[in-house]
Amino acid sequence: MPTVKIAHSLRVFSRMGKRRTVFSMGSKWVLGVDIGSTHIKVLGIDRTGKIVYRDQRAPRQITTDDGGFEQDPKEILQIVLQLIAECNQEAVVEAIAFSAAMHTCLVIDEAGNPLTNVWMWMDQRAADYAAELRNRGLDRLWYATTGCPVHPMSPAVKWLKLRELYPNGRPVSLKDWLFLRLTGKLITDYSTAAASGMMNLRGHWDLDILRWLRLSSQSLPPLQDMTFSLGQFVVGGSDGAMAHYGLGIAADTLHAALTWGTSAAVRVTQSDPIPDHFIDTGSFAYFMGHARGYLVGQALSNAGNVLSWTAKLFGLAPSEVIRIGIEVANTEDSLPHFVPYLYGERSPVWNAAMTGGFVAVRSHHDKVHLVAAVVVSLLALLKGAVDRLETAVGSVNNITVGANLGRDTLWGQVVSTVLNRPLEQSASEDASVFGAALLASQVVAWDISRQIIAPQILEPDVSWLRVQFRVAQETEWLNSEIFSPMS
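The sequence shown maps to residues 1 to 487 in UniProt numbering.
Hints are computed from structural coordinates only; laboratory data are not their basis.
Be a bit skeptical, because a hint or two may be false.
[What the hints assert, rightly or not] Label pairs and their computed distance ranges (CB to CB):
| # | residue 1 | residue 2 | range |
| --- | --- | --- | --- |
| 1 | Gly112 | Arg47 | 47 to 57 Å |
| 2 | Pro222 | Lys50 | 32 to 42 Å |
| 3 | Val359 | Asn113 | 48 to 58 Å |
| 4 | Ala291 | Val361 | 45 to 55 Å |
| 5 | Ala250 | Glu75 | 31 to 41 Å |
| 6 | Asn113 | Glu390 | 16 to 26 Å |
| 7 | Ser216 | Asp66 | 41 to 51 Å |
| 8 | Gly137 | Ser463 | 12 to 22 Å |
[What the hints assert, rightly or not] The calculated lysine to aspartate or glutamate pairs, modelled on DMTMM-like cross-linking and capped at a C-alpha distance of 20 Å, are:
| # | residue 1 | residue 2 |
| --- | --- | --- |
| 9 | Lys28 | Glu132 |
| 10 | Lys161 | Glu132 |
| 11 | Lys74 | Glu86 |
| 12 | Lys383 | Asp447 |
| 13 | Lys50 | Glu75 |
Glycine is no exception: its CB is placed at the ideal position from the N, C-alpha and C atoms.
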């Protein structure tokens with residue numbers, strides 16, 4: 001790709017306000033590009049492992065009255081091309097690897113042209129088809145075969161609806177289509193395919209499920225390791241797989257990664273997950289590639305999105321919701337309950353139809369009590385997810401978090417206290433895009449492991465022990481009153 005020669009070094013700011021360093025002519029970078037649900041991010045690192053560039057754009061979110069949540073693939077392609085072009089103006093880009101949100105699906109024709117927008121994981125339009133699979137008793141079989149629960153998020157379930165509209169089309173992930181447009185080759189990696197609900201735990205497209213879906217393996221992309229590359233472009237993996245890679249977590253060590261954003265997840269890698277264990281705890285189990293193991297974890301649909309909803313409802317900033325909620329939960333005796341399933345729920349019940357609301361509200365409760373109830377319920381979701389994961393895989397040795405759950409954040413301090421264990425704070429602000437950049441550096445044989453900064457340790461804070469006790473009670477209440485894991 002073309003570069004612009006720059007004869008001197010200077011400091012500049014990207015349009016997102018993030019600082020980047022522009023080097024003299026001949027600087028070499030690798031890039032990670034993360035195709036997220038709300039932002040497209042790029043991160044550049046040089047041969048020393050230093051982050052030298054970061055930027056992001058927000059694609060349009062398209063919603064429909066029948067539960068659709070879409071993005072325009074052509075718009076996303078243009079954003080990706082713009083971000084890459086801007087990097088090419090400042091350095092020689094050696095390799096570009098991708099991270100992408102799981103469970104995306106669009107339909108393409110034989111020429112690779114999109115017939116639909118991208119259906120994101122939040123899309124609910126296939127809910128009736130998920131219910132039909134459960135009614136036929138196929139949900140546990142498919143779950144045990146693929147490690148992917150039967151849920152409207154699953155591209156396999158989405159395809160049951162989409163095939164009625166586009167019987168001659170081909171379902172692919174957004175990352176698959178972008179790689180096709182950038183390289184001319186339709187390829188998917190194992191971690192992305194695992195989240196489709198069509199690949200079995202042995203790492204092959206499952207022929208029995210494909211027959212049910214009226215698909216052939218030839219209609220789906222060939223499966224490759226996340227390091228597969230064509231020219232500059234590295235196929236990469238799912239955001240979960242890339243986050244694990246970016247956080248530097250070794251395989252099969254029961255070292256967990258806890259991520260918090262619009263949604264949340266806690267994950268470990270295992271060499272040989274047991275279906276009964278991950279099914280009975282409502283965990284997912286996604287094959288990441290030969291010799292890479294399986295990503296086993298809990299996925300929460302309600303996290304930062306519920307904080308944002310609460311902030312909007314009460315006219316507060318999300319940081320104020322956290323501060324007020326924690327302070328009130330730590331001092332007040334009586335709080336209402338909050339059922340936090342505003343966006344349905346994934347782990348442990350995989351029920352997109354679940355709803356939320358306040359319970360046991362009394363006349364003396366006011367805004368701050370309601371805010372505290374929301375915060376306590378979200379902390380209870382995190383605690384419950386970690387507890388269930390440990391039931392599935394055994395005691396977790398360490399938990400690594402990103403900077404948004406770090407030592408300098410009140411939220412991170414309280415999460416550490418609620419979980420009653422130290423958290424390792426990664427130096428990376430965004431583990432998925434950082435993981436993609438690290439993968440790109442591996443493909444071009446850069447040895448930058450010595451440059452990765454050791455994590456800081458976040459210890460539980462005795463100041464929040466009352467919150468810890470309250471969250472433990474709320475976790476028990478949610479488990480007993482609201483749901484039980486799917487069986």
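Index of numbered hints that the structure contradicts, given in increasing order: 1, 6, 7, 8, 9, 12, 13
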